[in-house]
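> From just these sequences and the hints, can you work out the full model?
Here is what each chain is made of, one letter per residue.
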Amino acid sequence: MDHKLEPIVKALQDQFKATYEEFRGEVHVFLTTEQIIEALTLLRDKHEFELLSAMTAVDYYPQTSPRFHVIYQLSSLAKNVTVQLRVPVNGDQPRVPTATRVYEVANWRERELMDMFGIVAEGHPDPRKLLLPDDQEGYPLRKDFPLGYEEPQFTFNFDEIDVRKPYAKE
Amino acid sequence: MGVEQKLGNMGVVTTTLESMVNWSRTGAMWPMLFGLACCAIEMMSAQASHYDMSRFGMELMRASPRQSDLMIVAGRVSRKMGPVLRRLYDQMPEPKWVIAMGDCASCGGVFNNYAIYQGVDEIVPVDVFVAGCPPRPEALIHGVLTVYEKVKGEKFVVPT
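Line order of the protein sequences matches chains A and B.
Quick note: the first sequence uses the numbering used here, first residue 1, plus one each step.
Quick note: the second sequence uses the numbering used here, first residue 1, plus one each step.
Treat the hints as calculated values from the structure; they're not laboratory data.
Keep in mind that the hints are not guaranteed to be accurate.
As the list claims (entries may be wrong) - With a straight-line cut-off of 25 Å between C-alpha atoms, the simulated PhoX-like cross-links for lysine-lysine are:
1. B:K150 to A:K169
2. B:K80 to B:K96
3. B:K155 to A:K169
4. A:K17 to A:K79
5. A:K169 to B:K80
6. B:K96 to A:K169
7. A:K165 to B:K80
8. B:K155 to B:K80
9. B:K152 to A:K79
10. A:K165 to B:K155
11. A:K143 to B:K80
12. B:K80 to A:K129
In structure tokens:
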């Protein structure tokens with residue numbers, strides 16, 4: 001671990017009883033949904049993490065508890081370190097509190113998260129769809145979302161699929 | 001300098017109105033640019049000096065649907081782009097034709113997923129499909145000439 005990162009992880013451990021994992025020099029700190037806003041505020045105000053450089057999620061389907069990890073990647077330009085905060089959420093109720101009040105940039109990232117994973121950011125100021133059309137059903141980046149869209153047409157099943165294909169009429 | 005000098009000894013030419021109008025349509029078809037992906041690069045080079053599509057009277061790519069009568073859909077159409085494409089098609093004045101250029105616009109190509117239309121014929125009626133990933137400029141020019149063949153065979157109908 002980077003020596004500049006050690007006191008920061010120590011502070012998170014002390015305040016939130018957080019566990020952490022290290023992989024090839026990257027540090028993942030595990031927090032709960034109740035703690036995350038407070039932890040983000042702490043890192044921003046006390047430890048100079050002025051940038052939320054990425055926000056995404058991982059789907060660990062078919063595992064259900066926790067099914068998702070919501071990931072906040074924070075960067076400190078002043079200290080030249082990054083830290084990753086992970087929030088495990090369950091599959092039946094994928095919700096995290098919105099981080100827009102701490103980092104303004106989380107606005108679009110959370111909208112993308114809601115589009116792609118169906119993880120709701122509670123209290124989001126503008127919860128419309130960002131990337132997908134409004135009538136999109138399902139969450140494409142979930143593991144149980146079907147991989148293909150349309151069955152490929154070959155000679156043996158051409159007519160059968162052609163009947164179902166939507167064609168424009170003028 | 002009148003038309004007599006140009007005609008020489010030909011004098012009078014007789015033809016049908018249909019073939020005359022269709023001939024003039026094939027002489028100056030203005031395509032609307034709808035470059036969406038890598039096929040657009042081939043479409044540009046079909047326009048540029050190496051292939052020079054203006055030999056066939058396609059001098060101008062129009063950015064405005066109001067001034068064009070051929071839409072070349074070059075590239076994959078995403079589900080969010082679909083309504084835009086349809087709207088631009090509706091804004092084009094009649095008569096109008098559509099070329100689906102490349103595999104993505106024709107059938108979805110390699111993008112068999114939720115985000116891409118599996119063929120642009122789901123949204124607009126397509127006259128000519130040009131295969132290839134991406135098609136060479138010659139293929140596009142051949143596609144345009146195929147549209148011309150279609151235009152030349154068109155019959156006028158009185159709307160009922």
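> If a hint holds in the structure, say so; if it does not, say that too.
To see whether the hints hold, each was checked on the structure:
Between K150 of chain B and K169 of chain A, the direct Cα distance comes to roughly 19 Å. Compliance with the 25 Å bound is thereby established for this hinted pair. For the suggested pair K80 of chain B and K96 of chain B, the alpha carbons sit about 23 Å apart, so the restraint of at most 25 Å is met. This hinted pair checks out: K155 of chain B and K169 of chain A have alpha carbons roughly 20 Å apart, not beyond 25 Å. A hinted pair counts as satisfied when its Cα atoms are at most 25 Å apart, and K17 of chain A with K79 of chain A qualifies at roughly 24 Å.
The suggested pairing of K169 of chain A with K80 of chain B holds, with an alpha-carbon distance near 20 Å, which does not exceed 25 Å. This hinted pair checks out: K96 of chain B and K169 of chain A have alpha carbons roughly 14 Å apart, not beyond 25 Å. For the hint linking K165 of chain A to K80 of chain B, the alpha-carbon distance of about 19 Å falls within 25 Å, and the restraint holds. As the CA atoms of K155 of chain B and K80 of chain B are separated by approximately 36 Å, the hinted pair breaks the 25 Å bound.
Between K152 of chain B and K79 of chain A the alpha-carbon distance is near 71 Å, which puts this suggested pair outside the 25 Å criterion. About 29 Å separates the Cα atoms of K165 of chain A and K155 of chain B, which puts this hinted pair outside 25 Å; it is violated. Under the criterion of a C-alpha separation no larger than 25 Å, the hint pairing K143 of chain A with K80 of chain B is consistent with the structure, at around 23 Å. Distance hint between K80 of chain B and K129 of chain A is fulfilled; the C-alpha atoms sit about 11 Å from each other, no more than 25 Å.
Hint compliance for this structure: hints 8, 9, 10 are broken, all remaining hints hold.
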